[in-house]
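Heads up: the sequence lines are chains A and B, in that order. Take the first sequence: its letters are residues 0 to 805, numbered as in numbering that gives the first Met the number 0. Take the second sequence: its letters are residues 0 to 117, numbered as in numbering that gives the first Met the number 0.
If you are wondering where the hints come from, they were derived from the structure by calculation, not from laboratory data. Take the hints with a grain of salt, since some may be wrong.
[As the list claims (entries may be wrong)] Stretches of chain A that chain B covers, calculated by requiring three or more beta carbons in the stretch to come under 8 Å of a beta carbon on chain B:
(1) 59-69
(2) 535-548
(3) 558-569
(4) 791-801
For each residue, glycine too, the CB sits at the ideal point set by N, CA and C.
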Amino acid sequence: MTNKEKLVLIGNGMAGVGTIEHLLKLAPNKYDITIFGAEPYPNYNRILLSYVLAGDSQVEDIFLNTYEWYEQNHITLHAGHKVTAVDTAAKTVTSDKGVTVPYDKLILATGSNPFMIPLSGADKDGVMAYRTIADCERMIEASKRYKKAVVIGGGLLGLEAARGFLNLGMKVDVVHIVDTIMERQLDRTASKMLQEALEAQGMNFLLEKQSAEILGDKRVTGLKFKDGTKTDADLIVMAVGIRPNVALAQQIGLETNPGIVVNDYLETSIPGIYAVGECAMHRGVAYGLVAPLYEQGAVLAKKLAGVESAPYEGSVVYTKLKVSGVDVFSGGQFQDQEGTKAIRVHDEFSGIYKKVVIKDNKIIGAVLFGDTADGTRLMQMIRSGTDVSGMEKTAILRDSAAEAGAGGGATDMSDDAIVCGCNGVSKGAICSAIKEQGLTSAEEVKNCTGASRSCGGCKPLVKDLLALTLGDAFTGAPAKETICGCIDLSHGDVVAAIREQGLTHVREVMNVLGWKTDEGCSKCRPALNYYLGMINPISYRDDRTSRFVNERMHANIQKDGTYSVVPRMYGGVTTPSELKKIAEVAEKYQVPTVKLTGGQRIDLLGVKKEDLTAMWADLDMPSGYAYGKAIRTVKTCVGEDYCRFGTGDSMGMGIALEKRFERLNTPAKVKMAVSGCPRNCAESGIKDLGVVSVDGGWELYAGGNGGVKVRAGDLLATVKTEAEVIEYTEAYLQYYRETGNYGERTSEWVSRLGIEHIREVVQDEARRKELRERIDVALSVTKDPWKEAIASDAIKRDLYDVVEAN
Amino acid sequence: MNRSAENLAETEVRWVDVASYDELPAGTGKTVRIGALELALFRLTSGKVHAVHNRCPHKDGVLAEGIVSGEFVFCPMHDRKIHVPSGEVQKPDDGCVRTYEAKVENGRVHIAVPGEAH
Ligand code: SRM
Ligand SMILES: Cc1cc2nc3c(=O)[nH]c(=O)nc-3n(C[C@H](O)[C@H](O)[C@H](O)COP(=O)(O)OP(=O)(O)OC[C@H]3O[C@@H](n4cnc5c(N)ncnc54)[C@H](O)[C@@H]3O)c2cc1C
Ligand code: SF4
Ligand code: FES
Chain A
0 MTNKEKLVLI GNGMAGVGTI EHLLKLAPNK YDITIFGAEP YPNYNRILLS
50 YVLAGDSQVE DIFLNTYEWY EQNHITLHAG HKVTAVDTAA KTVTSDKGVT
100 VPYDKLILAT GSNPFMIPLS GADKDGVMAY RTIADCERMI EASKRYKKAV
150 VIGGGLLGLE AARGFLNLGM KVDVVHIVDT IMERQLDRTA SKMLQEALEA
200 QGMNFLLEKQ SAEILGDKRV TGLKFKDGTK TDADLIVMAV GIRPNVALAQ
250 QIGLETNPGI VVNDYLETSI PGIYAVGECA MHRGVAYGLV APLYEQGAVL
300 AKKLAGVESA PYEGSVVYTK LKVSGVDVFS GGQFQDQEGT KAIRVHDEFS
350 GIYKKVVIKD NKIIGAVLFG DTADGTRLMQ MIRSGTDVSG MEKTAILRDS
400 AAEAGAGGGA TDMSDDAIVC GCNGVSKGAI CSAIKEQGLT SAEEVKNCTG
450 ASRSCGGCKP LVKDLLALTL GDAFTGAPAK ETICGCIDLS HGDVVAAIRE
500 QGLTHVREVM NVLGWKTDEG CSKCRPALNY YLGMINPISY RDDRTSRFVN
550 ERMHANIQKD GTYSVVPRMY GGVTTPSELK KIAEVAEKYQ VPTVKLTGGQ
600 RIDLLGVKKE DLTAMWADLD MPSGYAYGKA IRTVKTCVGE DYCRFGTGDS
650 MGMGIALEKR FERLNTPAKV KMAVSGCPRN CAESGIKDLG VVSVDGGWEL
700 YAGGNGGVKV RAGDLLATVK TEAEVIEYTE AYLQYYRETG NYGERTSEWV
750 SRLGIEHIRE VVQDEARRKE LRERIDVALS VTKDPWKEAI ASDAIKRDLY
800 DVVEAN
Chain B
0 MNRSAENLAE TEVRWVDVAS YDELPAGTGK TVRIGALELA LFRLTSGKVH
50 AVHNRCPHKD GVLAEGIVSG EFVFCPMHDR KIHVPSGEVQ KPDDGCVRTY
100 EAKVENGRVH IAVPGEAH
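Hey, can you work out the whole structure from these sequences and the hints?
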């Protein structure tokens, strides 16, 4: 045994472990640390439980510290142990599993217990709270057997639980005692807007209802209200509030009221015993959100490390509702009161509501609905007590970050201040990571520190900190964003350097331009490979080691390591014999799933890597490039051949386009469509290039996207003949190839450059001609990758063969 | 089986001849199956060979298909960065992939796998 001081933490939750993490940074070797946690897991991110419930995350995904972390930091963890006794005379704690450990210093971080309304029938099966992983698992389990849930409580937690049930396919009622939901965070207007949005998602609200009795025999069957009405229920979740968990503290004789009373240094009424987190009561407040708990933890950690620290003086809190599809933000003191005035913006057309409450020329609170981008900035103004008397009032709600100069509100924050409440990352931690590890983008800060990884609410502030720390070197503009952490240059800079200095291969670019890593990373290598091929189409030899697996293997990798095979089917048009061939191949290789894709062709899914080349040989069809940053599909409608409205041969036009541009590499995938009339059955309006037949000609639409961020295409040109459609498309695609950033879809590219500019370029006859000449060269050297692989033993051996040994 | 025998069995390895060094492509991984084990074998630009379990600790991504940079491989599923010689997942993520010793002898690559219990 060492003679280090012994520190024991009771409660393996966010506040307690947050404190320990901070302490380890300040004084890594000062204590022998032991942690007891009643839940049988390492410390996890409780606020992400709703994502587990919603099915977006697995339990392991929300662990904040792994078991290895405890080991590496020489912390003894007793997970699944509840501390049942503390002997303050002998200075020992004892768990329900009989482990006794001595301490010199003791931290209580026991969190809270959900409050269960003592209704008659509350002990029936199917009545529960929502607080832990175990609760989540019970809810998921219940959803498999039952249909109807009732959530009592229309606050943050209740609504998140209700949303979870909807995702699990259950019907859900939310019961609330007053007539406005989330009334502690929202004013009436915002609350009603929220209610409407959630009703549209399928939630049913029973407002102004007071629960009287839970019905059922052994298991709950319903809920009865004081007004005599009833509702059916297979499961009832109570989410009506929390109570500090002080059972142990009271047993020891610590002062509680109702939380464990602590001073500004988190000291309790007994020397050597501290309390932090939801169980603690500081200046009459017990917090129920993580950001203040981390702020407390930082002060306590300094106290324990023996480092000088400013006292903890309380926190101003804010909340964001984590329900997808609704943006709600609320912070500070947002209700109208005597002496307060408010600025309100209410746009009923776009469903946006913003309210800022001002007292004595300072912003003291805000509520935002529909557009919460201003949240962080307003929070900063609230925290720093910015005097707004000089400001034009309506400008407070206009994003003035640009005018505020580098750093915005971030300048006034202390180093300890928590920027990312979800993950407990402080301003100091972010700034030193930016300096020491040379970070230049919000993305890198996220990867290195975890800030903005969960709810993303702090991203604007992270950008402010980048601006503040890097000064002029940082320009938040997306166009200037560097390729990746390996190099401080933007995509445009690198392309220019390759051209000017005549660089010809990936390693050379990295050496000449001063890459920080030996061989780059998964972001820059594929980008460089694309740029080199685009600039030197004839002489460049593709570097397959710099390609993402799908493009290297010419097949989409699946989650289990098998692949999918999508042959070309020009314009979505096929023949009986082609279909027979596909069917035979699918049978021969026992393809588990055959599916029609959203791109009008057939996908053979679940193919083993070793079978790919043989299958391609049997298929004897061209690769569909379903995997590539390349021309994907050209969707078509039937068009004038059959359709009574058709004015153009959409199938023929689509096939011609697909044949002309297949195999072309582009910065990101390119999808096209041709419709025979403006009814647009091939959805030409949301394609990278959409073609629509109109009487006497064709319209070309650019920059459409039907994916993550739907964007309608902009009219690029109206032309007369099919030859002109090809001609304009050649110029358009080549211009995109030359000026698009790697990974940038045409939708983003058109928005960045502006459609007017692109229109000018392709309509200028001389430029169009040059662009067409260059794309002609690029297209002349493409080869079908499946044929190439089939014909080459070396490719088969290097990429597709698997070594089998015994 | 007594405890010491169990430990012994666990530490005992056998070397399996898996490939010709010259035929091993540099810069991409190779899938190697030895009995029930599936490994990813890498020949790095430095010339060294390393083998790891062919499953990412995150969600079982096949590491043999990742982009290899220096001593690191990027998992093709969600881009975790893994140090091939030690198997360690790089920050901000956590975890470790099991590594297997690999050596080149007379132009052949051999991998050490756990031996059968006696
Ligand atoms: C197979 C297919 C779904 C289907 O069964 O129908 C599909 C499957 C995938 N899509 Fe898709 N997309 C498919 C049509 C679409 C469409 C519809 C379309 O093309 O008309 C869209 C919306 C249109 C669009 O892109 O503008 C679409 C928007 C996306 C996106 C979002 C792109 C965006 O810019 O927002 C991604 C993610 C990405 O590219 O980063 C994606 C990514 C993917 C990936 C490659 C995910 C991945 O990276 O592994 C999927 C591969 C599955 C696999 O393992 O094989 N898929 N995907 C469709 C193949 C079409 C084809 O024949 O090639
Ligand atoms: C579904 C959900 C969503 C939330 N969303 C948000 C959000 O969006 N934003 C936000 O800021 N906050 C949110 N919160 C609140 C936030 O999670 C809590 O404020 C925070 O986790 C409290 O941390 P803590 O460490 O004080 O308590 P806990 O995290 O509760 O940790 C206390 C731990 O101590 C253990 N324990 C108790 N007694 C003993 C004992 N005698 N012996 C051993 N162990 C013991 C408990 O089992 C528990 O694991 C949410 C909470 C829930 C449940
Ligand atoms: S929408 Fe596309 S990316 Fe998403 S699961 Fe379906 S195929 Fe995969
Ligand atoms: S499986 Fe490897 S990163 Fe997700």
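Against the structure, the hints:
no. : hint    : verdict
1   : 59-69   : holds (count 3)
2   : 535-548 : holds (count 6)
3   : 558-569 : holds (count 3)
4   : 791-801 : holds (count 4)
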